[in-house]
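K.L.:
Single-letter residue listing:
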Amino acid sequence: MKAQLKSASGLLLGLLLALLLAAPACAASGEAAASADPSRWWVCPLILFVVTFVIGILAVLGGVGGGVLFVPIVSGFFPIHLDFVRASGLLVALSGALAAGPGLLRANLASLRLAIPVGLIASLCAIAGAMMGLALPTQVIQICLGATILGICAVMLVARKSEVPVVPRADGLSALLAIHGLYREPSSGRIVDWKIHRTPLGLCLFVVIGILAGMFGLGAGWANVPALNLVMGVPLKISVGTSKFLLSITDTSAAWVYLNNGCVIPLIVVPSVVGVMLGSLVGVRILKSAKPAFIRWAVIGILAFAGLRAIAKGFGF
Amino acid sequence: MPFLGSELLAAIRTRNENPPQDQAIPSPAVSPIADAEPEVHASLESTPEQIRYASALEKGTRLGLLCLFITFPLYILGVIEPQTPIEKVHESLSLQAHEYQAQTGSERGWGWLRMLRRGDCLNFIGIVILAGVTAVCYIAVVPLMFQRGDRIYAVLALLQVVVLIFAASGVLAGGH
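Residue numbers (our numbering), protein chains in the order written: chain R, 4 to 320; chain V, 40 to 215.
If you're looking for bench data, these hints aren't it; they were derived computationally from the structure. Here a beta-carbon is modelled for each residue, glycine too, at the ideal position from N, C-alpha and C. All the given hints hold, so there is nothing to weed out.
Restraint ranges, calculated between C-beta atoms of paired labels, are given here: (1) R/Ser190 to V/Pro124: 51 to 61 Å; (2) R/Pro189 to V/Ser208: 43 to 53 Å; (3) V/Gly188 to R/Pro82: 55 to 65 Å; (4) V/Gly150 to R/Ser191: 49 to 59 Å; (5) V/Arg187 to R/Ser190: 32 to 42 Å; (6) V/Val210 to R/Ala178: 31 to 41 Å; (7) R/Arg172 to V/Ser82: 15 to 25 Å; (8) V/Arg190 to R/Arg288: 36 to 46 Å; (9) R/Arg187 to V/Arg187: 21 to 31 Å; (10) R/Arg288 to V/Pro112: 22 to 32 Å; (11) R/Ala181 to V/Leu197: 15 to 25 Å; (12) V/Phe185 to R/Cys207: 28 to 38 Å.
Reference excerpt, derived from the structure (chain V facing chain R, CB under 8 Å, subset only): (13) Gln89; (14) Ile90; (15) Tyr92; (16) Ala93; (17) Leu134; (18) Asp159; (19) Asn162; (20) Ala196.
For reference, chain V alone in the conformation it holds in the complex:
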């Protein structure tokens, strides 16, 4: 859905050019930092890392949403039989997550991977792509950071990947 991003940008520009009355805060006539000489490595343009990150993010988001748009109709129209009948899902929505799982026999964690022939489990492909694309974007920019000698940020980005993989691993069990 890259169009949503461009629409949002256009709207931000419009709002800044014509700020609504209730939020219009006058900018200082001369910002104390506005006239400062820009630092050599600062630029109005996006950095190569941002461009690469944006490109990976756009592709991943498109893919995830496309998967959802394909698999959800297959599920709700009954083209592919679900693991849990939709009627049973609907009846159990007011239950806590663990009660829901006990009642419907649905899988938790990565268990859906074993049921990819089922219509409801297929939807998790798109959801997992959307949840996983951020880690992929970070991995994509780390080499650029090392190339530019930006070691601190490369390490921070790798730490973020570790955190996301840790969260995705299913090690962090919760529940009431």
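Okay, chain R solo, but in the shape it has when bound:
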């Protein structure tokens, strides 16, 4: 079974790489054909749908959000301007968060009390980030995007996780806001009464996270989870659930800025959202059975490649 999964995952990776290499050529030929034969417009959205479907699978298996893979890959390998890619990336991340949100809240795996103050700060900063992203020259954003993606790779490589962090004492702010809860650890059946600490520091981190999310349209799950788990001491499962839910608040704010600036094009957004969502469904089914360990390394490799490509593109190569 594991061998089959490994070969299937390898096939998926191969397919993604082949599509990435073929995408610019296909899209370019599609563009050329479109001028001669306008009926060929469907080539680019179709390739985008297939690529985003594979991204959806890999994102779930690699433990990252769809947006963080979508933006560097599509901006690096498709002839679509970064303005439209970032807007689509936010809507891809937003759709996934909206779809998962109700289940996470009902199962008490996402904490609304935790998400409300954090989301307020992150969404304000995401708006600022989106405005900065739209104001700065595209080359600068492309280079910064590449550098950020490489930074995300580093975070993925070095960040450790703690199932139930030790929080000796809740800080004053979290006590005032009564941010705490109960959580049953399924592996042991133990009920954990969790609380958080270092809330001011955590909120400061969400200033940066919000700006990055809005500026690059990346979603921010890659940063939310370490900030909640390692800095604020939220149990891992609650961190993951709240982070996913939090994206629906943070990305909404930035998405409105892009939407109002004419960066949302249905021809790109809808195939991307549907592709990533369908891919996520398939990915979740694979994840239920097993998770090939090498997929995470492969995802980091793809991200690093896409990050370098973004930097090269920013410098005009």
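Got chain R sorted already, so can you dock chain V onto it with the hints?
P.N.:
Relative to the frame of chain R, chain V by itself:
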């Protein structure tokens, strides 16, 4: 797409029961906070605010995605004529947003509302519902918060609504 949420939850449970080797971090045998007496108002169950928020979120997300699934085929199959021909959209994808608007004559901001008879503009209904559902969810839980005397959170939630309305208003113009 509520099924995606339930699938994700199931996957999270599976991963926690069988953590992958590369991420398996042993839980402490006895968590220092695990044996603490739970506070009176903490519960394993979701709060009424979370339940109401989840319900509104689910309905809004379903509606938004349903709109997209209906309007997008009408657009790409040419059933309803678009404001900007698809071929022209495709040719202009590599342009910056403001250049794209100049080339295609497409609307920005809420201008699409005036063109709802056009296939491409119809798609914005679903997109705007998805982008707007969060504000609706916040508005839905504010009365509950006031009822429970949770004034700080009620104010925070109202502030979030103001931020979202501000972002949605189109006041925040950007551009290169």
